[in-house]
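The letter at position 37 of the sequence shown is residue 37 when you use this note's numbering, and the numbering goes up by one with no holes.
Bear in mind the hints are in silico, worked out from the structure with no lab data behind them. Predicted model, so just to flag it, every value in this text is computed and none were measured. Take these hints with a grain of salt, some might be off.
[What the hints assert, rightly or not] Below are the DSSO-like pairs computed for lysine-lysine, each with C-alpha atoms no more than 30 Å apart in a straight line:
#  : residue 1 : residue 2
1  : K85       : K59
2  : K280      : K260
3  : K250      : K260
4  : K85       : K260
5  : K228      : K260
6  : K280      : K250
7  : K280      : K59
8  : K85       : K250
9  : K59       : K16
10 : K250      : K16
11 : K228      : K250
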Amino acid sequence: MQQQRRWQPVDLDQVKPIPIGQRRNIVHRDQFRPPCDPAGSIEDLFDSLPDILAASDLKAAAAAVADSLESGAPVVAALGAHVVKVGMGPLIIDLMERGVLSAIAMNGATAIHDLELALIGETSEDVEQNIADGSFGMAAETASAFRESGLEGARGGGLGSALGNWIQSVESPHAELSMLAAAQRLGIPATVHVAFGTDIVHMHPEVAGAAMGEATSIDFRILAAVVKDLENGCWLNIGSAVMMPEVFLKVVNIARNMGKSLDGITAINFDMLSHYRTSKNVLERPVHRGISLIGHHEINLPLFRLAVLQKMSTRASGEAN
Numbered sequence: 001m002q003q004q005r006r007w008q009p010v011d012l013d014q015v016k017p018i019p020i021g022q023r024r025n026i027v028h029r030d031q032f033r034p035p036c037d038p039a040g041s042i043e044d045l046f047d048s049l050p051d052i053l054a055a056s057d058l059k060a061a062a063a064a065v066a067d068s069l070e071s072g073a074p075v076v077a078a079l080g081a082h083v084v085k086v087g088m089g090p091l092i093i094d095l096m097e098r099g100v101l102s103a104i105a106m107n108g109a110t111a112i113h114d115l116e117l118a119l120i121g122e123t124s125e126d127v128e129q130n131i132a133d134g135s136f137g138m139a140a141e142t143a144s145a146f147r148e149s150g151l152e153g154a155r156g157g158g159l160g161s162a163l164g165n166w167i168q169s170v171e172s173p174h175a176e177l178s179m180l181a182a183a184q185r186l187g188i189p190a191t192v193h194v195a196f197g198t199d200i201v202h203m204h205p206e207v208a209g210a211a212m213g214e215a216t217s218i219d220f221r222i223l224a225a226v227v228k229d230l231e232n233g234c235w236l237n238i239g240s241a242v243m244m245p246e247v248f249l250k251v252v253n254i255a256r257n258m259g260k261s262l263d264g265i266t267a268i269n270f271d272m273l274s275h276y277r278t279s280k281n282v283l284e285r286p287v288h289r290g291i292s293l294i295g296h297h298e299i300n301l302p303l304f305r306l307a308v309l310q311k312m313s314t315r316a317s318g319e320a321n
């Protein structure tokens, strides 16, 4: 049994102060920036961001993408469903059209929202209301599109390509909103990674599990081929906390198992929260450098797009001069 101790207050006269100039500090005035003029340019806006914390990370992420593009290395975006639901599909399409994105990958839910927007200009049903009467996920048109695309994709092209073809072939009224259709039009790989039982279309009897499995398996191998060339490139994980981080880890391992070093990859994670799998399987284990940009997609992604385009423009102007 320990003896009871009686502590007396510490005599602070015994502490040893030091001159403030001897202290190591991590915030310096040269990291600060003056506010930009409200009528200023995009370049002025980004120049006004301090070189501290998230602002510094945003600048570093934009520079990493610009570096990859300058070296001819791929930039790949892996997308969760919320990206589509907050209206960021057109932004992803814009980055594909500008040559910033070399490929896109997504889970099944992302593809469903993308397709529904192309069909009717709406998506994201009221789950709480519809699950009460069993109508949740029972949209016939969505299931039919996945049935036909699964069968077509299993013949060799993969699920993402088949969905893009389907959206174009039925002349969807809002096809300009579809990332899958845009990728097909631009000749950019778009892969869809399905975990059977997680998507609404899996409840429909006409959706063939065997065909869907083969189609998504082809997409997995297409993405593995893309990632084999990802040395010095960028992987953007945008809003997927589980599925795409796990897929990324596997395709990186396939590439290294086949003799590719994949040195110099920068992984950039966009999400509202920090998650275990994105931290470990995207930003740490498989890559040279990881950058985390925490916040709402509908705010961070437009800022990131502008930062990348501004960085590309500045470099192009420098080369021209």
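The hints, checked one at a time:
Distance hint between K85 and K59 is fulfilled; the C-alpha atoms sit about 26 Å from each other, no more than 30 Å. This hinted pair checks out: K280 and K260 have alpha carbons roughly 21 Å apart, not beyond 30 Å. Distance restraint check for K250 and K260: the Cα-Cα separation of roughly 14 Å lies within the 30 Å cut-off, and the hinted pair is therefore satisfied. Proposed proximity of K85 and K260 is contradicted: the alpha carbons are some 36 Å apart, above 30 Å.
For the proposed pair K228 and K260, the alpha carbon gap of about 7 Å is at most 30 Å, so the pair holds. Restraint check: the Cα-Cα separation between K280 and K250 comes to about 13 Å, which is no more than 30 Å; the hinted pair holds. Restraint check for K280 and K59: the C-alpha separation of about 22 Å stays at or below 30 Å, so the hint holds. Of the pairs offered as hints, the one joining K85 and K250 holds, with about 27 Å between alpha carbons and a cut-off of 30 Å not exceeded.
About 40 Å separates the Cα atoms of K59 and K16, which puts this hinted pair outside 30 Å; it is violated. As the CA atoms of K250 and K16 are separated by approximately 54 Å, the hinted pair breaks the 30 Å bound. With a CA separation close to 12 Å, the supplied pair K228 and K250 stays within the 30 Å bound.
Comparing the model with each earlier hint shows violations of hints 4, 9 and 10; every other hint is respected.
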